[in-house]
Every structure is written in C-alpha cells, then in structure tokens.
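Asks: Just so you know, the protein sequences line up as chains A and B, in that order. Just so you know, the working numbering puts 339 at position 339 of the first sequence, and the rest follows in order with no gaps. For any residue, its number in the working numbering is found by taking its place in the second sequence, counting from 1, and adding 1000.
Hints in this document: simulated from the structure, not taken from any laboratory. Hints should not be assumed to be uniformly reliable.
Here are the computed lysine-lysine pairs in the DSSO-like style, where the Cα-Cα straight-line distance is at most 30 Å [stated by the list, open to error]:
#1 A:K336 / A:K13
#2 A:K336 / B:K1161
#3 B:K1188 / A:K13
#4 A:K336 / A:K196
#5 A:K13 / A:K196
#6 B:K1161 / B:K1188
Source: prediction; values computed, not measured.
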Amino acid sequence: MRRLSFHPCGNFKESYAQEITIFETDFGRLSLMAGLILLFGVLPFVSSPYFLYVCNMIGIAAIAALGLNILIGYTGLISLGHGAFFGVGAYAAAILATRLGLPFWVCVPAAGIVTALTGMVFGIPSGRLKGLYLTIATLAGQFIIEYILVHWESLTQGTMGIVLPEATIFGLVIDGDRPFFYVIFVCLVLVTWMTKNLMRTRFGRAFIAIRDNDRAAEGMGIPIFPYKLLSFGISSFYAGFAGAIWAFYMISITSEPFTLSLSVEYIAMVIIGGLASIPGSIFGAIFITGLNEILRWLTDIFMGMGMASGFGLNMASLRELAFGLAIVLFILFEPKGLAEIWRIVRSNFRLWPFSY
Amino acid sequence: MDFFIQLLVNGLSIGLLYGLSAMGFVMIFKSSSVLNFAHGELLAMGAFLFLVLTTWAGLPVYLAFLITLAGSFVLGFAVERLFLRPLIGESLIFVIMLTVGLASIFKGLLLFFFGGNLHTYPEFLPAGLGLQFGNVLIPPVYVASSFIGIVFLVLFGLFFKFSPQGIFMRSVADNQTAALSLGVHVKKVFALSWAIAAMVAGMSGIVLGVINGINVHEISAIGLKVFPVVILGGLDSIGGAIIGGIIIGLLETFTCGYISPSLRDVVPYAVLVCILLIKPYGLFGLVEIERV
Chain A
1 MRRLSFHPCG
11 NFKESYAQEI
21 TIFETDFGRL
31 SLMAGLILLF
41 GVLPFVSSPY
51 FLYVCNMIGI
61 AAIAALGLNI
71 LIGYTGLISL
81 GHGAFFGVGA
91 YAAAILATRL
101 GLPFWVCVPA
111 AGIVTALTGM
121 VFGIPSGRLK
131 GLYLTIATLA
141 GQFIIEYILV
151 HWESLTQGTM
161 GIVLPEATIF
171 GLVIDGDRPF
181 FYVIFVCLVL
191 VTWMTKNLMR
201 TRFGRAFIAI
211 RDNDRAAEGM
221 GIPIFPYKLL
231 SFGISSFYAG
241 FAGAIWAFYM
251 ISITSEPFTL
261 SLSVEYIAMV
271 IIGGLASIPG
281 SIFGAIFITG
291 LNEILRWLTD
301 IFMGMGMASG
311 FGLNMASLRE
321 LAFGLAIVLF
331 ILFEPKGLAE
341 IWRIVRSNFR
351 LWPFSY
Chain B
1001 MDFFIQLLVN
1011 GLSIGLLYGL
1021 SAMGFVMIFK
1031 SSSVLNFAHG
1041 ELLAMGAFLF
1051 LVLTTWAGLP
1061 VYLAFLITLA
1071 GSFVLGFAVE
1081 RLFLRPLIGE
1091 SLIFVIMLTV
1101 GLASIFKGLL
1111 LFFFGGNLHT
1121 YPEFLPAGLG
1131 LQFGNVLIPP
1141 VYVASSFIGI
1151 VFLVLFGLFF
1161 KFSPQGIFMR
1171 SVADNQTAAL
1181 SLGVHVKKVF
1191 ALSWAIAAMV
1201 AGMSGIVLGV
1211 INGINVHEIS
1221 AIGLKVFPVV
1231 ILGGLDSIGG
1241 AIIGGIIIGL
1251 LETFTCGYIS
1261 PSLRDVVPYA
1271 VLVCILLIKP
1281 YGLFGLVEIE
1291 RV
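Model the full structure from these sequences, guided by the hints.
Replies: Below you can see the structure in the form of structure tokens.
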C-alpha cells in the first residue's frame, strides 16, 4: 500500500492536471468513502421516517440547486424560472408515466430532456442580450409556464392534479421513504460527480470564461450563444430531473407549488450555499429545506399556544420574512456563502494549533 | 361599440397606472442600473402607510398623502443606504438577488401585520370628478389617477431635462466612472434616485389602492408586471414607461374582454418574450445592445 499523501506546505503544482485534481490528498478520498458509507449504510437505518423524508427533500432540492449553480454560479446567467422548470419536469414525468405508461427509469431522464428543451426556449433571448435581460425573460417563462400548467387542462388536468403510478426499477417496487432515499441519493451522487467533472472539461471552462468576461471569451474563440444555451439546457435538465423524482415521490401532483417563490427558494439555495461551489449547492439545499422545516415546526408551536389566530401569524409571512432575511444577510455579510464558511472552518482545523 | 369604448377607457386608465408604477422603476435603473425586484413591495408599502394614516390615525387625506410621500422618500433613502450601498461595485447577481430578498422581507412584514386580505380606503374622492360621455362613464378614480400620472410625468420629464440633480442622474446612468471623475457625487445620486423612486412608488401605490383596494399579493404582482412595461417602453425611458404601460394596459383589458379573463395576467409576459426576441431595447430605449 502506498503512503498517504499530505497537504504540501505551499503551492508546488507543476502541471495543469495537478491543478484540476479533485483529491489533493488521500484523506479527501478516505473521508469521501466514510461519508458515503455513513450516508448509505447508516443514515437510512437509524433515522426516523420524518427525518428520512426531510433528507429526501434535501436530496431532491440539492439536485435542482446544483443545476441552478451551473447556470448562475459558473455561467453567470440568472434564471428566475427554475421553480416552473421543476414543475415542467414533474408534469412531464407524470404525463409520460400515466399516458404512455413508461417505466420510472425512462420517465425521469425523459422528463429532464423535456425540461431542458423548454428551458432552452426561454434561453434563446440570451443570444442577443446580456444577463439582465435573460433574468427578465426567465421571469416571463415562470409566469407563462405556470399559466400553462394550470390552464391546459386536457394535458395537465389543471388543479385536479395527476396521480402517478408506482415507481419500479426492473421489477423492484420503490415505495416509502427508505427505497426512495436510495434512489434520490444515488442520483444525487451521480449528478454531483457529473457536475464536478463537467466543470473540469472544456465545456465547464467555457462557461467560466463566459462568466468572467464574455468579450474576452468570444475573442478566444468560444461561441458564446451555443454555450449559454447549453448551460441553460443542462441547468434545466437538472431541474426537470429533480422535479420528476419529486413527482414520483409525492405520488400525486397539482399545479400549485411551482410558483415564483419556489424559484426564489432555489436561487436562495445557490446564493446562501455559495456561488460556483458544488458542496455549496448541497449546503444551500440543506439550509433552505431545514429552514422550511424549522419554520413549520415553529408555526405549529405557536398554533398550539393559541397565539396565531389573532395575530395573522401564518406560515406564508414567516417564510417570506425568513427567506428574505437569509438572502439579504448572506449577500451583505458572507457573499461567498456557506461554502466559504466551511472552507474557513476546515482550514482552521487543518492548521490547528499553528494557524497564522 | 360602447363595450369597446368602455374597455378602451379602462385599459387606458389601468395602463397609465402601470406606467406610473414603472416610472419609479425606470428611475432607479436609469441612475444605478439596478433591476429592482422589490418595486411592487415599495408600492405596497406606500399603499399601506396611507391606509394606516387615513383609517387608523384618522388624518385628513391631503395630510396623509403628504406624509406617505415623505415616508416613502425616507424608506427609499434608507433602503439604498443600508442595503445597496455596500454592494456598489459588486456583480449584478448579488444586486438583483438583494432586491429579491428585500421584496421577500417587505412582503413578509406586510403579510405579518396586515394579512393577505383585501383592505379598502374610505371614500374620499368627490363624485363630481367622474366624466360622462354618452353611455361611457369614466369613474372619478380614473380621472384622478390620469391627472396625477400626467402631472408627474411632466414634472419628471422637466426634472431630468433641466435640473442639475436630474442631469447628474443621467450622467451617472450613462457612465459611472466618467461622472465620478467630473465631480458628480455618485453616492448622493444613488440615494436620491432611490428616494425619489420610492416616493413615486408610494404615490402609485395609493392610486392603485384607491382603484382596486389593497392586497399585498396583488400589488406585488403589479410590481412584477412592471417588467413587460419597461421592456416594451425601453428600460431607460420614462416616457417609454408610460407608453409601454398604456399598451400593456390596453392589451390586458382587451384580452380580458374579448378572449378570456384568465389570459389577462399572462399576455403581458408573452409580449415580453416576443419583444426580447424581436426588439430587445424596446420602443424608446437606448440602442446599446452588445452582441456577445
């Protein structure tokens, strides 16, 4: 067995391959292994059903947040329509499963592709325009898709909703929290691995070049428009993929949840977690989903104490306020998000007791 | 025919309102190139402040109106000072997201104190203000709002054209660095433009409240409808905002009247996408699109 490699006490990188390596030391690899074993081997068996449900929600949100981070963090384009794209994915999966009777493992990627195409339609204005206008175009996309989901009743059954068939993979029935935990987190791990590697390829580097300086990128021979559209497509694919899994997990879906505030929630995950950071997206998903659950719990407590009824204290206002505060405070005080805090904590540990 | 004319009148008045709401938005964008997603909430803040002053504090209308304007002015100033000034020079994403966060905070606060129900002002406009043309009736609120809209449009047009502050604002909008090196106090300009924009927003909020009653969700939805309006009119043109507002208003009422009421809220956004594809700088905006 070869010896464990330690952190060098300086920058001794000699090649580009060393620069883009994922694990600088073997400890990273080891702790990843330990983390995966904990995640798949221990967590589903020791946690309560409620906690498992929260974990699943985090996993789904993390997939969508990763996608959005590719768009916002790496390509520098802002989308306010990801809530609706999530909904497109959910409906696409539901319609494919009920109308065409396709199996779970076909529905989910297919829903992702449908969403990617939908997203790219709203990404087209980015060909002529810079970031700010694209934000407005996706805002329009949000409202148009929302309208279609509610009013195209022959396809989406409007407010009635659609009940999905049971999810099966090769004859295995997936129902309940624990089997879904495995499906969701295997997908999350795959998606994370894909994203991490995407950012090391020419595509990822092109996205980053476009974000940093689009004129220079154009000058270096990167065709801006196809890459922007591609980034948009990939990002929407993730949203649709997450939406499809969510639809199967929820069993029945209606058109209500896919509003602008869901879009804002996803953006909040990306900002709070940390722009252009893969662990950041996951931290953001944990933070926002956790915040949601804590707020629900708090509201229940207030309800129980009988304070709520007269005071107009409802879930909606508390949530809006808490989300707004979280976004604003993070932007003002830690614009690099939770990922930066995590980095600082880690480097403190690493340098302890001889930190400078 | 009467139906058509009534729709036309309604559309024009609603459109003028949209234009009025968009005016404050354009003002902020013109001077600091910030897309303000909290604009609807600024409208709502003005509307609710007026509600509190007239119904709870029982002040006379003109005094409440003036205090609301002053309060909105201070609110805009404070928002710029506390939240946006630290972000000068930061990337666009943070600025946009900050206004989205602010929108959530304001909306949460308003929902917390007033709930999501419809509130109405006491009747204070004289009935004689209404106009009657044959069978077509223009209600007093529409007359008053049109009047206010036109007055403010002219005032702001003159302000930007002739007053030193207005010229400073335009110079900052045009090129921040150049304005700074020529001795323009850029920070003061930012603060002032937010304050004035919030004041205009507060006033539009009151007018909206008089016409439709005030409801947090509806007013913040109108704040988002500002986007089709300003894109149609051109992001940096105040006159364009009014004309864009009128076009969107007419479009909405005609779709509502002739096609289907449910389409009403989505038509402006469909138009928005088309405009972005065909003529992205709008009808009157500065043609300054980079093709990268």
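Asks: In ascending order, which of the hints set out earlier in this document are inconsistent with the structure?
Replies: 2 and 3
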